[in-house]
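**Q** Position chain P against the provided structure of chain C, taking the given hints into account.
For the protein sequence lines, the chains are C and P, in the order given.
Using the working numbering, count along the first sequence one by one with no gaps and you end on 321.
Using the working numbering, count along the second sequence one by one with no gaps and you end on 328.
If a hint is listed, it holds; no wrong ones were tucked in.
Chain P side only, calculated, beta carbon under 7 Å to chain C, not exhaustive: (1) Glu101; (2) Ala105; (3) Pro108; (4) Val109; (5) Thr119; (6) Lys122.
Rather than coming from a laboratory, the hints here were simulated on the basis of the structure.
Note that CB positions come from ideal geometry on N, CA and C, so glycine has one too.
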Amino acid sequence: MYQYIIRRILVFIPMLLALSIIVFGLAKAAPGDPFTGKILDPNVDPIVYEQQRAALGLDKSIPEQYLHWVSSVAKGNFGKSITYNGRSVESLIKERVKNTVYLGLFSLGITLIVAIPIGIYSARHPYSLLDYGATTFGFFGLAVPNFFFGLVAIYLLSINLGWFPAQGTVSSNSLSGFAEFTDRIHHMVLPGLTLGLAGTATYMRYMRSEVMDVLGSDYIRTAKAKGMSDRNVLYKHTLRNAMIPIITLMGFEFGALLGGAIITEQVFNFPGLGTLFIGSVVNRDYPVIMAIALLLGVAILVGNLLADIFYSIVDPRIRYD
Amino acid sequence: MSNQPVLDVNNLKTYFYLEKDVVAKAVDDISFSVYPGETVAIVGESGSGKSITALSIMQLINKPGKIVDGSILLNEQDLAVLKPRQMTSVRGNHIGMIFQEPMTALNPVFTIGSQMTETIRKHKKLSKKQAHEKAIELLRTVGIPRPEQIIHEYPHQLSGGMRQRVMIAIAISCEPELLIADEPTTALDVTIQAQILDLLLEMQKKYEMALLLITHDLGVVYEYTDRVMVMYGGQIVEQAPTKQLLKLTKHPYTQGLLSSLPNIDQDMERLGTIKGTVPPAYNFPKGCRFSTRCPFVMDRCKESNPALTELEKDHYVRCFLYDGGDKA
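If we strip away everything but chain C, and leave its shape as in the complex, we get (with noise of 0.2 Å):
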């Protein structure tokens, strides 16, 4: 198992090496720089922005900087953000990332509890009245886009009824302990919502068909022949098993815990790392954009593993060596 760990991780070096090649063109691939389509102030002589380029080492070939970036990655150097008044790329990252986190976390709860209990009755009464309900409930949220979600969300519950704050993660900086705790969970409803909603379709069918499956199988019939009880049935047997797909989904979504709320984040003016992605690509803020698109690969291949050592945990029959 440990031996499996580590030849898993040591595959992580050239997927990563691979992925910043692939994000690194991409983001050279877009037209202009750092300083393009800045307000250029007349009194500058072109030749300072000349200067500063050089100083970033933008006017050397593209594998050259490349290679640069990637040597001081190498040493554990992320970079200094260029529209960030030269801040570290760290410090920007670690201020960014508790709130998406956050975020992810309290989504992905909404998500399970909404979506493993009405999937299990689902399966227990299928085709019943609010089988079809949670069904057309759950697709209506795949559908509807996130970004549709979360405006319709802002115009009803914060500015009509004014329930919830539209944006931001805390209404003030002067808040501590506990008032804090319920604040930024106040302003953590509306994106968990518009997020955890959008997620519950999924693991509500997985949960559905996976019930539905187990219950009629030899085992169930098996167990009930023994004279166990509806309860040892269904929330032994039956959930164990059940349940070991949705742990291996919960696996994959440990990297979509990090990447997975751009687009909402911007609705919500979430001041998360999705906020922080979109902002250095539209500045061309290449230093930013490469750490994150690496923090989020790491996050998935993470996940990813993850999900592979739950599944052996959850199920005897998995065995790696």
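**A** Frame of chain C, contents of chain P only:
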């Protein structure tokens, strides 16, 4: 053999309501008894209602199926009127059941031990440790080598024959009065089949259980059972002590089944067959259910279904050839 049956099934009807106006009469008015220590076989083709009979006794009929009529008396207690919760203390405790597919009949994510002890602890007041010891003892009884080790293993680590032994160990763990085995050897290798059947009979003797053996293998019936019921189209068409049924076969369907068996004493070019297939349970012919395939079919057979009649002592047949009367 005592006079008091362990199991007494009367006029059992289990129907499946497939669609509006489409009712599959999977089990249609069958009655039989099983006495203590007796081995009774139910034989018939696929779709004749054997397994549904067994599942009806266990009260494990799922929607859209339903037991619509009849009583199932286990030691004079009617299982058909028990509440679902009361039934859980009958299953596994007073009736044990073994299924056809040992490969899928055990839960893949729990150890053998946990699947055994949960049954024991559900029905018997034993501590975890005592149940664990009892499970090891049972595994040893059913011929599992190294039971102390096997008890910690998962089903996928065992072979089909071993898994069926584990299933038997679970089924007999609470010493039931009745053991139902639904084609327990169909999915196993021929060499393993005899071992499993011998084990079943050995356990039956040891725990003094009645055994209801569902099979389509007449060789098994001949070797292992005291009494046979032949089912066709959800009904019993012939019932007799095994020796008598095989020697003095009455019903054309039973004769057909027997002629399809190879016989070492006779040189035959081809084995006999019964033409056609079992009619679907939602579309039985109007008269005798075997009339569509019977070589001796008469006009009368197409009009009405003969009743099950006692021709000789303990030998019942449902056929007009023996003038069973026109009652049913």
